Amino acid sequence: MPDIQSTLPTIGILGAGKVGTVLSRLLLATGYRVLIAGSGSPSKIALIIDVLAPGAHATTAEEVARDADIVILALPLGKYRSIPAHLLEGKLVIDAMNYWWEVDGIRPDLNDPRVSTSELIQSFLPASRVVKAYNHMGYHDLDEGPTPAGTLGRKAIAIAGDTPSDLAAVATLVNASGFDPVLAGNLRDSIALQPHSELFGANLTAEGVQDALTRFPTSERGREVAAARAGDGVAGLSLA
Amino acid sequence: MTTGPLEFGLNTFGDVPTDHAGRTLSDAETVRLVVEEGKHAEQVGLDVFSVGEHYREGYVDSATPVLLAGIATATERIRLGTAVTVLSTNDPVRLYNEFSTLDAMSNGRAQLVLGRASQTQSFPLFGYDIADYETLFEEKLELFMKLQREMPTTWSGTVRSPLTEQTLHPQMRPGGIPTWIGVGGSPNSVIRAARYGLPLMLAIIGGEPERFAGHVDLYHRALEQFGQPMQPVGQHALGLIADTDEEASETWWRAWEPMVTQMGRERGFYPPTRERYELELASGALFVGSPETVAQKIVRMTHELHISRFDLKYDIGGLPVDARARTIELFGTRVAPRVRELLAVEQHESQSQSQDLPTTHPVHPIGATHA
Ligand SMILES: NC(=O)c1ccc[n+]([C@@H]2O[C@H](COP(=O)([O-])OP(=O)(O)OC[C@H]3O[C@@H](n4cnc5c(N)ncnc54)[C@H](OP(=O)(O)O)[C@@H]3O)[C@@H](O)[C@H]2O)c1
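The listed protein sequences correspond, in order, to chains A and B.
In the working numbering, each residue carries its 1-based index in the first sequence increased by 1223.
In the working numbering, each residue carries its 1-based index in the second sequence increased by 40.
To be clear, the hints were calculated from the coordinates, so they are not data collected in a lab.
Since we're looking at a predicted model, the values are computed, not measured.
Covered, in the sense of this in silico footprint (three residues per stretch, anywhere, with C-beta under 8 Å from a C-beta of chain B), are these stretches of chain A: (1) 1233–1243; (2) 1271–1278; (3) 1350–1363; (4) 1409–1420.
A virtual CB, placed ideally from N, CA and C, is assigned to each residue, including glycine.
Produce the entire structure from the sequences given, and follow the hints as far as they go.
In C-alpha cells form, the structure reads like this:
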C-alpha cells in the first residue's frame, strides 16, 4: 500500500460539499492521498470530512492548491474567482463545476453558448492545464455508481481537454474512481457536457455517453451553440 | 437510535390537480381542496400536515400560514407545519408573528421546517439576490431562533433593521414552537442544524435514500460536539399510494414525467427515462406503490436513517384529486398501522434475540463504516 501510494499523485479537492465529499471517498477508496478544503478554515469542515470522507486531510484552499499534484474544482462555479490561481500554476486542474442558477444567481457570462465554462476557467488559470471531468453526473449517481473496470454496464464519465497527456492522466483517475472515461474533445467542445446538453445529468455507460456526444451537434442545443459560435468570430479573443 | 415512535406526516405544495373529467382545478378550488385534505389527514389519524411555500404557476401555497390557519380552525388534533418555509426571503419578525398566531389559534399545534426549498422564485419576487443565500439564511436563522428563545430580543445584522429590547405579540409558548431544519444533501446545512440543536428534516427526492446515512451520522456527531441534546431526524419523500403497485406506478408516472421534464428544461437536464423511473421506485427515493410496498420501504428507512418522522408529499401537479385522496386515506389507514406493526414485531424479535444470545452485538452499519 505505501508503495502504491508513493507512485500515485496526491489529489486536492476545492469544495467540501456534496460533490467534494463524494469524490474524496471514491479516490480514497482506490488508494489516493486526498487533501480537501472548503471556503473557510479547516476546522469548519473537520467533522464533515471525518464522517463523510474519513482519511482525507482537511486543510486550507491554499494548501490544497500548493501541495496537491492534481486539483479538482468542486466549488460553486459562480465563485471561481476565489480560486487561488497563482498557487495552481503548472498544475493539472480538473473542472467539475457547472452553472446552476439557483446557486450562482443569473449570470449570463456563465451561460454563454459561445464559450464553455471550462474555457473561462482556463483563462482564469492561464498557467494551469484544465480538463473538464466529473461534472455531468449527479452526485448521487457518482456516489452509487462506481464499479471495477470491466464490469458489465459500468457507468462512464466524459472528459474534455486540450492536451493528450493531461487527458490520459484524468482518464486514469476516472477509471480508478470507478468509471469508464470517454474522450469528449477539447475544452471548447466541453460545452457538450454542460447544462442543456443531453449528457448533463446523464448516468450512462461508455456507449451511451459516446452516443449522446455524437448526437450533440444535431441536437437543439448543439445547433444553438454552433449558430452562436458561427456568428461570433472573435469568441476566442473575448476570453483574453 | 430513533427517538420515540415513528410519526407520519403529509406534505403539500398546493399543487393544482385535475378532477374526474381531467379538468384542471382553478387556484381557488385548489386552496379549498388543501384545507379539505388537511381535515382528511386528521380523520385518518396522521400526526402532521405541512404546507410548502412556492411562488409560481401550478402551486397555491404562497401564503402558507393563511392556509394552515384555515386548516387549524377545521381540525382539532393534527399538528400543522411547513415544508419548507423559505427563511431567506421571509422577515423573521413577520414569521414569528404569523406562527405565534397560528400556534395560539390551533392550541399549540404549530411547527416549522426552515430551509431552502426546491424553487427560488421568492428571491427576485421579494428583491433578494440568490447569491446572498448563505448570509440571508444564517442571519435570519439566528434572529428567528433568538426571537423564539429570548424575548425581549436585541439583535443586529446586515439583512434587516436592528431590534432593541423588542417584544412581539402574541407571544409564543416558552421556548418557541418545534422548528426543524430542512436539508437537501449539503453537509454544511447538517452542521448548521446541529449547531442550533434543531431537528433535521432530510429532503430526499432522488437516488438511493441510504446514501444519507452518512449525513445522519454526521448530524449525531455534530450534536454531540456542540453539546446539544439528541434530536429527531425526519425524512421528506415524494409518493403515491394506490391499491396495487401497478396502479400507483402508472398514475404517478403520468404526472411526474411531465413535471420532471419541465424542471429539466429550466435547469438544463434531460427528461427522465422510464428505466430511471423504475429504478427510483425499486431502490430510489420515490414512495410509490401499494400500502405494503410503501410500508416496507418506510421500515427500511427507519433502519438505514434512524428516522422518527416520515413525511410524504402526496401531490404533484396534474394528479387527479381522487388519487390524492386515496393516498391520504391509505397512508393513514393502511401504511401507518402496517409500519407500526412491522416495527413492533422487529422490536419484539430483537428483544427475545438479545435475551437468547446476550453476547452477539449486531454492529451497526453506520457506526461500522466510520469506526
Ligand atoms: N450536486 C451535483 O449533483 C453536482 C454534480 C456534478 C457537478 N457539480 C458541481 O460541483 C460544484 C459543487 O457542487 P456541490 O453540489 O458539491 O455544492 P455544495 O454542496 O454547495 O458544496 C460547495 C462547496 O464549495 C465550497 N467552496 C465555496 N467557495 C470555495 C472556495 N473559494 N474554495 C474552496 N471551496 C469553496 C463550499 O464551502 P462553504 O460552504 O464553506 O462556502 C462547499 O464546501 C458545483 O460547481 C456544481 O455545479 C454538482
